[in-house]
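S.K.: Below, each chain spelled out in residue letters.
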Amino acid sequence: MTRYLARKVLLYLLTFFFAVTIDWAIPRLMPGNPIDGLIARIQADSTASQQLHGYFTESFGLNQPLWRQYLNFWLGLLHGDLGPSIAYVGSSVSQLIWAAIPYTLALLVPAIVLSYIAGNRVGAMAARRKVLDNTALPAAYILTATPYMWLALVLAYFLAFKWSIFPVSGAYDFSLQPGWTWEFARSFLSHWFLPFLTLFLVAFGGWAIGMRNLIIYELESEYANYLQALGAPSKLVRKYAYGNAVLPQMSGLALALGAVVGGALVTEIVFGYPGIGTLIITALQNRDYFLMQGLFLMIIIGILVANFIVDIAYVIVDPRTRAGIQGS
Amino acid sequence: MSTVGPRADLAATPEIALTGDGAGDHDLGPDGNRFETLHFAFHNTKLVIGLTVVLAFLVLAIVGPWLTDSTPFEFGYPLGQPPSSQYWLGTTSSGQDVYAQFVYGLRSSFLVGAIAALVAGSLGMAIGFVGGYLGGVIDDILSMLTNIVLVIPTLAVLIIVAAYLKVGSLWTEALLIGLTSWPWAARAIRAQTFSLAARDFVNLARLSGRGTTRVIVNEIAPNMSSYLFLVFILLFGGSVLTAATLDFLGLGPSQVMSLGLMMNTAVSNAALQLGLWWWFIPPGIAITAIVGGLYVMNVGLDEVFNPRLRRT
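So the sequence lines, in the order shown, correspond to chains V and G. If you're matching positions, the first sequence starts at 345 in the working numbering and goes up one per residue. If you're matching positions, the second sequence starts at 3 in the working numbering and goes up one per residue.
One chain only, chain V, in its complex shape:
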């Protein structure tokens, strides 16, 4: 087990190293001097431009040798210093990111966990009921092919704008102060529901399809046939099939994380939900490069942590990893 987890941690450390290097290298690899590009895009007047030029040169540390710049980048990162924000003057990138993360997590965690559970359940049921297979499966294929932002647009248009069942945008009513009151909780939940539903529905389709196919595959395997030939109750056979089918679904969960996170970003933008996605669009519109680089790293760290959690869950579910029978 330790060997299995140690290998995973090594891979994640390497990935992190690789990601930080990309994050550092991209602005320096792009054609032209990044500072001139930055200033041209900010469109400041000439005195301000000169000040900005000095400021950016120092911030980027571009007057130093490359290895030194790279080292400084790491040092800053390890101190939690991701640089100043251009879009929000006076705020640091890490402050902005910390303020946005709770909202994104509030959408992502329930959406991932619930869609995984519900998708697996429905998929497993569809595998043995013809009626469900013919209705739920086509629906699941449509859902998994739906672009997140479009589903968000459709839900927002009908349920928020047209029929006014849910509020239109933001994370809570602006007349309220965040706090532990019933009124705030109600406002928060009603704003939270539609973006959550978007993420849940699209992800649900993928899990249902995967589980349905895996169960059918397992039920046709040798051990299932053998159990049936012995006269074992079909409930028992299905239990074993489910246990085996959960494993590939779980490794699929690690792979799907990136896609769901991407979906959360665009969904937040549609609903004006103040999480990482909205921060990304602000960073893009204002050409706030420090913010973009910081957000990129934050997403990577989030994905790596989530992957590690899935790995631990995998160890709990799959006894082979514990016994060290299977190294990968």
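Bear in mind the hints are in silico, worked out from the structure with no lab data behind them. The C-beta atom is built at its ideal place from N, Cα and C for all residues, glycine as well. Just so you know, not all the hints are guaranteed correct.
Stated by the list, open to error - For the chain G half of the interface with chain V, some residues (derived, Cβ under 10 Å), not all of them: (1) Leu-144; (2) Met-146; (3) Leu-147; (4) Leu-152; (5) Pro-155; (6) Leu-157; (7) Val-159; (8) Phe-203; (9) Leu-253; (10) Pro-255; (11) Ala-273; (12) Gln-275; (13) Ile-283; (14) Ile-289; (15) Ala-291; (16) Val-298.
Take the given structure of chain V and dock chain G to it, following the hints.
M.R.: What follows is chain G alone, placed relative to chain V:
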């Protein structure tokens, strides 16, 4: 799986893994009866439905622009008109023809999807074949690289690259998507190659002194051609989704109309508030139908190629 685009990961990997375990389930062999395969193809409902939907939109993408004199960015039409006999899909709030935007956008989707899938497929094949066939240290390094890129969310990389590098054409966009969406394909192809590489006919080819490239091209690739085709379809679907997301974020080419860009301009011009549903509903329906059609077609093809999955 990247992405948003790489949502192909989500739908695709488990399915591919399903049949991917039994090495060579897919190989029809040289004496496989072609007519039999065609027979099964035309009698497979999933394949027929998926293919019909995808082809219908492909035809619309090709023929559609000829049926109108309008161009996507042209102004001067009535403002915010609902669909009518004159403006088939209505007009935007600034007086552009939605039908023209839609059919030109469809073209972009197919183009970006196909190019990105070709790029990602080629990279995935190169890395998968070499790693799976040679094994050893080279395989270890390539697998490590694949696993690293697999964990990094494609969309995050694309956002940061596209933000610095002004994406001016569909080709750049497709290239960017292709360069970031190959890892799951490489992994799937490597696994297949690995099991084929231990077969007798491959050993024989190796013993007879054929070089690595010739063994891969002549012996291994043809025996998993159907599998490679499935990988390509899934890459195509994933790339269409990723491109739509990038365009929606305003990171795609702004001079070329695309379905994602339609949704982007609809949102930024308050189409939701104004109730101009005909502006943002059609592009999403088209993407969903094309990608869904590709996924369903993929399952159908899998059943056609792999006799063990056929249910008679």
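S.K.: So, for every hint listed, does it hold in this structure?
M.R.: Hint by hint, here is what the structure shows:
no. : hint    : verdict
1   : Leu-144 : 14 Å, violated
2   : Met-146 : 7 Å, holds
3   : Leu-147 : 9 Å, holds
4   : Leu-152 : 7 Å, holds
5   : Pro-155 : 3 Å, holds
6   : Leu-157 : 4 Å, holds
7   : Val-159 : 7 Å, holds
8   : Phe-203 : 27 Å, violated
9   : Leu-253 : 7 Å, holds
10  : Pro-255 : 15 Å, violated
11  : Ala-273 : 9 Å, holds
12  : Gln-275 : 7 Å, holds
13  : Ile-283 : 7 Å, holds
14  : Ile-289 : 5 Å, holds
15  : Ala-291 : 8 Å, holds
16  : Val-298 : 6 Å, holds
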